[in-house]
Amino acid sequence: MFSHSAFDAQQYPLLKATGNVGIGTWAPTCKLDVDGDIRASGGLVVGSSRDLKLDIEELQSEDALKTLLALNPVNYRYKADLQEKRVGFIAEKVPELVAMNDHQGLSTMDIVAALTKVVQEQRKNIDKLRL
Numbered sequence: 578m579f580s581h582s583a584f585d586a587q588q589y590p591l592l593k594a595t596g597n598v599g600i601g602t603w604a605p606t607c608k609l610d611v612d613g614d615i616r617a618s619g620g621l622v623v624g625s626s627r628d629l630k631l632d633i634e635e636l637q638s639e640d641a642l643k644t645l646l647a648l649n650p651v652n653y654r655y656k657a658d659l660q661e662k663r664v665g666f667i668a669e670k671v672p673e674l675v676a677m678n679d680h681q682g683l684s685t686m687d688i689v690a691a692l693t694k695v696v697q698e699q700r701k702n703i704d705k706l707r708l
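In the numbering used here, the protein residues as written are 578 to 708.
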């Protein structure tokens, strides 16, 4: 898994001295850095146990709604794959609540949490209107 030149990273996984692994990149910046699509025949599981977390506090409905309203969905193509049109967000333009620290990516699970909170709040409002 070690690479001998910058060109090898395009064909082979690269293990850096930092312990970071790169696939399709010769400069991995995190534990697993993949330049390209990832496909799994199963599911992607994100560790979410209370045991893994600190400073747990409930997401406020106002913050969730403000975040969702600030998201701007766009159509785009990746420069490396001009054939496939995609839908998503521009990382540099998403609200802080869902942005990664480097503003090069975003957390889809954070968006799911904000969506969930807004739907829950809307459900409460709908139930009140029915009474």
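Note that these hints are calculated values from the structure, not bench results. Among the clues, some could well be false.
What the hints assert, rightly or not - Distance condition first, Cα-Cα at most 30 Å in a straight line; then the derived BS3-like pairs of lysine-lysine:
1) LYS630 - LYS694
2) LYS694 - LYS643
3) LYS608 - LYS662
4) LYS656 - LYS608
5) LYS705 - LYS694
6) LYS643 - LYS670
7) LYS662 - LYS643
8) LYS593 - LYS656
9) LYS643 - LYS705
10) LYS701 - LYS643
11) LYS630 - LYS593
12) LYS630 - LYS643
13) LYS593 - LYS608
14) LYS608 - LYS670
15) LYS608 - LYS630
16) LYS701 - LYS630
17) LYS670 - LYS656
18) LYS630 - LYS670
19) LYS694 - LYS670
Stated by the list, open to error - With beta-carbon atoms standing in for the labels, derived distance ranges:
20) SER618 - TYR655: 37 to 43 Å
21) TYR589 - TYR653: 28 to 34 Å
22) MET686 - LYS593: 22 to 28 Å
23) LEU629 - TRP603: 27 to 33 Å
The beta carbon of each residue, even a glycine, is placed where N, CA and C say it ideally should be.
30 Å limit on alpha-carbon distance, applied to hinted pair LYS694 and LYS643: With Cα atoms ~11 Å apart, LYS694 and LYS643 stay inside 30 Å; holds.
Restraint status (C-alpha distance of LYS608 to LYS670 at most 30 Å): holds (25 Å)
Hinted pair LYS656 and LYS608, Cα distance within 30 Å: holds (24 Å)
MET686 versus LYS593 beta-carbon gap, inside 22 to 28 Å or not: Holds, at about 26 Å.
Hint consistency between LYS608 and LYS662 [alpha-carbon to alpha-carbon, up to 30 Å]: holds (28 Å)
Proposed proximity, LYS694 with LYS630 (alpha carbon, max 30 Å): Holds, because 19 Å separates the two Cα atoms, which is no more than 30 Å.
Given pair status - LYS630, LYS608, alpha carbons within 30 Å: holds (19 Å)
Restraint status (C-alpha distance of LYS694 to LYS670 at most 30 Å): holds (21 Å)
Restraint status (C-alpha distance of LYS705 to LYS694 at most 30 Å): Holds: LYS705 and LYS694 sit about 17 Å apart, inside 30 Å.
Hinted pair LYS662 and LYS643, Cα distance within 30 Å: Satisfied, since the Cα-Cα distance of roughly 28 Å is no more than 30 Å.
Holds or violated: LYS593 to LYS608, with C-alpha atoms at most 30 Å apart: holds (10 Å)
Pair hint outcome, LYS630 versus LYS670 [Cα-Cα no greater than 30 Å]: Holds: LYS630 and LYS670 sit about 27 Å apart, inside 30 Å.
Hint 20 from the earlier list is the only one contradicted by this structure; the remaining hints agree with it.
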